[in-house]
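Chain by chain, the residues run as shown.
Number of protein chains: 2
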Amino acid sequence: MAEKFISPRNLRFLLYEHLDTVALTGYPYFADHSRETFDMAIETGMRMGKGILFPALAEMDKKPPEFRDGKVFVHPVAALVMKACGDGGWIGAQAPYELGGQQIPNTVMTAFRGIFSAANYSASVYPFLTTGAAHLLISFGSPELVETYVPKMFAGVWQGTMALTEPQAGSSLTDITTTAFPQADGSYRIKGQKIFISCADYESTENVVNLLLARIDGAPPGIRGISLFVVPKRRPDGAGGLAANDVTCIGIYHKLGYRGAPITQLALGDSDDCRGWLVGEPHKGLRCMFQMMNEARIDVGMGAAAIASAAYYAALEYCRQRLQGRPVAGKDPLAPQVPIIGHADIKRMLLFQRAVVEGSLALIFQCASYVDLSRVTEGEEKERFELLLDLLTPVAKSYPSEMGILSVSQGLQCLGGYGYCDEFPLEQYYRDVRIHPIHEGTTGIQGMDLLGRKAVMKDGKAFFLYLTEMEKAVAAGRAIPECAPAAEALAAAAETLKEVTGSLTGLALKGEVELFLADATLYLELFGTVAIAWQWLLQAVAAANALAGTPAAPDIPFYRGKIHTCRYFFAYELPKIRGLAERLKESGDGITVAMQPEWFE
Amino acid sequence: MAEKFISPRNLRFLLYEHLDTVALTGYPYFADHSRETFDMAIETGMRMGKGILFPALAEMDKKPPEFRDGKVFVHPVAALVMKACGDGGWIGAQAPYELGGQQIPNTVMTAFRGIFSAANYSASVYPFLTTGAAHLLISFGSPELVETYVPKMFAGVWQGTMALTEPQAGSSLTDITTTAFPQADGSYRIKGQKIFISCADYESTENVVNLLLARIDGAPPGIRGISLFVVPKRRPDGAGGLAANDVTCIGIYHKLGYRGAPITQLALGDSDDCRGWLVGEPHKGLRCMFQMMNEARIDVGMGAAAIASAAYYAALEYCRQRLQGRPVAGKDPLAPQVPIIGHADIKRMLLFQRAVVEGSLALIFQCASYVDLSRVTEGEEKERFELLLDLLTPVAKSYPSEMGILSVSQGLQCLGGYGYCDEFPLEQYYRDVRIHPIHEGTTGIQGMDLLGRKAVMKDGKAFFLYLTEMEKAVAAGRAIPECAPAAEALAAAAETLKEVTGSLTGLALKGEVELFLADATLYLELFGTVAIAWQWLLQAVAAANALAGTPAAPDIPFYRGKIHTCRYFFAYELPKIRGLAERLKESGDGITVAMQPEWFE
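Residue numbers (our numbering), protein chains in the order written: chain E, -19 to 581; chain W, -19 to 581.
Simulated from the structure, these hints should not be mistaken for lab results.
Careful: at least some of the hints might be erroneous.
It does not matter which identical chain is meant; a pair holds if it fits inside one copy or across any two.
[Said to hold, decoys possible] No farther apart than 30 angstroms at their CA atoms in a straight line, the calculated lysine-lysine pairs in the DSSO-like style are these:
hint : residue 1 : residue 2
1    : 565       : 478
2    : 441       : 452
3    : 132       : 43
4    : 490       : 556
5    : 42        : 30
6    : 478       : 556
7    : 438       : 311
8    : 311       : 264
So that you can see chain E by itself, here it is in the shape it has in the complex:
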């Protein structure tokens, strides 16, 4: 089996050459850090990934969680990972010192989480879902709630979750009916049901801390009546111990992939004894939850890119070793067969995978850096980073998720029949990666978010800031002969994006809201393809600059590969926006809107 699942060389490229993560150490919050501490995080992540997570990948798939006698039993590696991450301080690494954190930049921890996700996506979810839930508590919870829950979560002793979905309200959060009844002591009695909640119950954790959306009894209808609560599986009993909190797991799902983590169905307050505590202000829970959701969405993009990375390296290894066929130009049947990596079509499939994997990672790291920068800056600068992050979050979630599926599928295809069999890991990656366009908001929801909200918010301010970022990349590319053609192509693509956006918002201005949003998913696809082109140009510029200096000999093929993959992306992937733009300029024809349900036969 392939040993490589992610490239530490590429992670260092993203942190130090594509981005300038070390520059963050100039800000007080990150002042104790240095390239050395960042490198140490990567090395530790790789050691844990290789030592703990990756060896359990296939076994966690073959022995998924079991639900017996009302209890959920998961693979023992889950507890090992939680303990190792808790002991090492990795769950709370980004938090302030005073809360037990290490003030490590999010960009660096994105690399760390990426290593985990590539090694074993299911196993990575336990600690880093806990991170997201703890961050949410820190942002909006009372000091008492923070003190009660966060240290145990950072220590890996208690599992964190986010609990949104209900049976009657999947993507439609407006329709949440779980209810919170105020109690005299300031707490709430919770009653309701949640479905599809990752890691919300399993025996090998001491407690589960659910960050949960519910409606305070009598709250206004719609999303303006939703509040955020912390609803633990076991609540503090006031005597330093824990008591059952009437949160019952009533079942787990049997899934296509992502089988190492239990996805649970929860009944809350069946015995009228489930307590929750308000986080943030009443009726403003959705706004709070979006902090965690946005973190989680970028992590979902990362999860997809990471699985695609592992699939790419498994395919690459196979293609280097498998002998089959001969060069097209010299088909002497007596000549020995060649490794299939010599065939143009195989190289195309590998270039596609590398383009998707490293392009996606670059965009995700770019977004991660905006998180860090908005934390340490103020005023207009801070707003700029926040707006760019808001705009790009649905893209960083969806492009890797959708294209990750195609990338893994091409990896599987490289192996032919063997790719379809479980003696190679591709078939598992193919199943695992399929979750990502679904969880944390489907691709359809991300499209509506991007076009209906993000692209037009503040009169398009975020959108225009983004265009400025692309212009900077174009200018940098034009200055380097090897990158100039890509720079011109990106400038043209940005123009296309502008035209399409203008054409669609024109529909909105005419009050044609349904037509405006009907093709939002395709808009997201076009937007994402251009964003990845932007990131590839930036990577090619960094690689060309490195080659123009005095690169170490082993780095030369790496940089050449970067530049060549950029060429591939601009020649093979970017042209896909042609057809999308042609369609999106005609969205006013309302073909999907006009389709009558009874015409489907």
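With chain E fixed as given, assemble chain W onto it according to the hints.
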């Protein structure tokens, strides 16, 4: 669980409105048939599909074949299906009366096989792989071989297979090493190994008849030294019984999907007692095998389209029933939620699925009709049908296979989280359909076949005949106002196809063979998209003509849906050729060819 897996209404549309299958009965070979006998075949197929195959779909997936003590045990439904098809005469239905057949057109049996594939792809493989093997024997085997094997195969008592692949020679048939040593009695002693052979061993069949490629001892190297043999698992013992033939199953594969059929690994002649009999002339086995391969390739396309059909109907049912969200234009949270089929993005996903499913089926039926027509015509007319069939076979194999994956994926996406869980059938369809771009020649191989062989054979004669077919469709479309825009778009797309083909063959003429073929897979994708546009225009013309007559009331939404899906295809799918054409016109830049294996990191 959804009850519908294919539309008999659409099958009748394809047979009688898109094509004129009844006209075949004007030829002597089909003279005993009529629309009534064709309808009866469809009805019987539906009854068997609903009664035998579909109910076993999930169970055959959950209880895959087992390999114990050197024996292969499969689900009992496999034997039921073989017996029912044998008893009903469906395995040999297309063969001449004197060989026990019923002389039913291939087009009608394509519908029959499609029903089976949609109901349960794995189960459908047992009888119809047998059909393909028997047809091959009939075409090239000696009368004695035909007499020995075919009746038992048609009766469903013996299983047929095709055995090509070897460990060291996957797609590279040149490298087959299984050897046949001539014996005094005219038979051959066979020695070698075969892998990935569907249904080549299981306990509930009396015998397995492998149509197998091997090299006669001392044969010339390369594909010009490959011969075709029949190598049964048990050979006739000369006394009316059967004796073991030293064909040993040494293992079966554990697969992502398609789990109801055993895929075996065979050792031949380990005890030097495996006998084979030559089929056709020595060293010309590959040409013979291509008859079965071509049939099988179109059946693979059908299998993919059929699975996508079943997934589409499962998704459609869910979207009609699932309440979630509200119309974009009136988001009153107190209003009741609507069925998600009311949302434009869901309709887009369903239209995509219908466009892929019914577009693919139309092309497959078109090819099936060429098989029938080339059987009953002579001279130039026959050559025309043969050339069109040759040209379109890789397309009819690949477009449904590649797009079927995306179609099923969109079906899964329609169900959100439920699509990922095994309480709905989508996740199984998603696994099952992934085999099709792999078996019977990968998509990469089909691209090389289309561009490197079919498009250029006989100085492009097949290609120009195909352009003529498209011109006819354009003319028919132009005559109907509702179809005229699509007709113009198809004319332009045909022009694009011509330009791209010219540009690529220009590279070949310059001797740049590797550059010529480097993007053959993308050429196949472009070619396929245009071919499906052609088929959608033809379907829309048939539907518009029906509406212009006096359609039965329940047929009106069906026809309107056809025309609207055609509009969808031309607005959303056909524009994808823009980006492909842009790339293919630049294939001379050799980006993939120039990529150095060591640049992959």
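Now the hints, each set against the structure:
1. Taking identical chains as interchangeable, the C-alpha atoms of residue 565 and residue 478 lie at most 30 angstroms apart whether they share a chain (11 angstroms) or sit on different chains (26 angstroms).
2. Taking CA atoms no more than 30 angstroms apart as the test, residue 441 paired with residue 452 passes inside one copy only; the shortest distance there is 17 angstroms, against 52 angstroms between copies.
3. Within a single copy, residue 132 and residue 43 get their C-alpha atoms as close as 28 angstroms, which meets the 30 angstroms cut-off; across copies the closest is 43 angstroms, which misses it.
4. For a Cα distance limit of 30 angstroms, the shortest separation of residue 490 from residue 556 qualifies both inside one copy, at 29 angstroms, and across copies, at 28 angstroms.
5. For a Cα distance limit of 30 angstroms, the shortest separation of residue 42 from residue 30 inside one copy, 19 angstroms, qualifies, whereas the shortest one across copies, 32 angstroms, does not.
6. In this homomeric assembly, residue 478 and residue 556 come within 30 angstroms of each other (Cα to Cα) both inside a single copy, at 16 angstroms, and across copies, at 20 angstroms.
7. For the identical chains of this complex, residue 438 and residue 311 are inter-copy neighbours only, at 22 angstroms across copies versus 62 angstroms inside a copy, given an alpha-carbon limit of 30 angstroms.
8. Only between protomers do residue 311 and residue 264 lie at most 30 angstroms apart by alpha-carbon distance; the minimum there is 19 angstroms, versus 69 angstroms within a single protomer.
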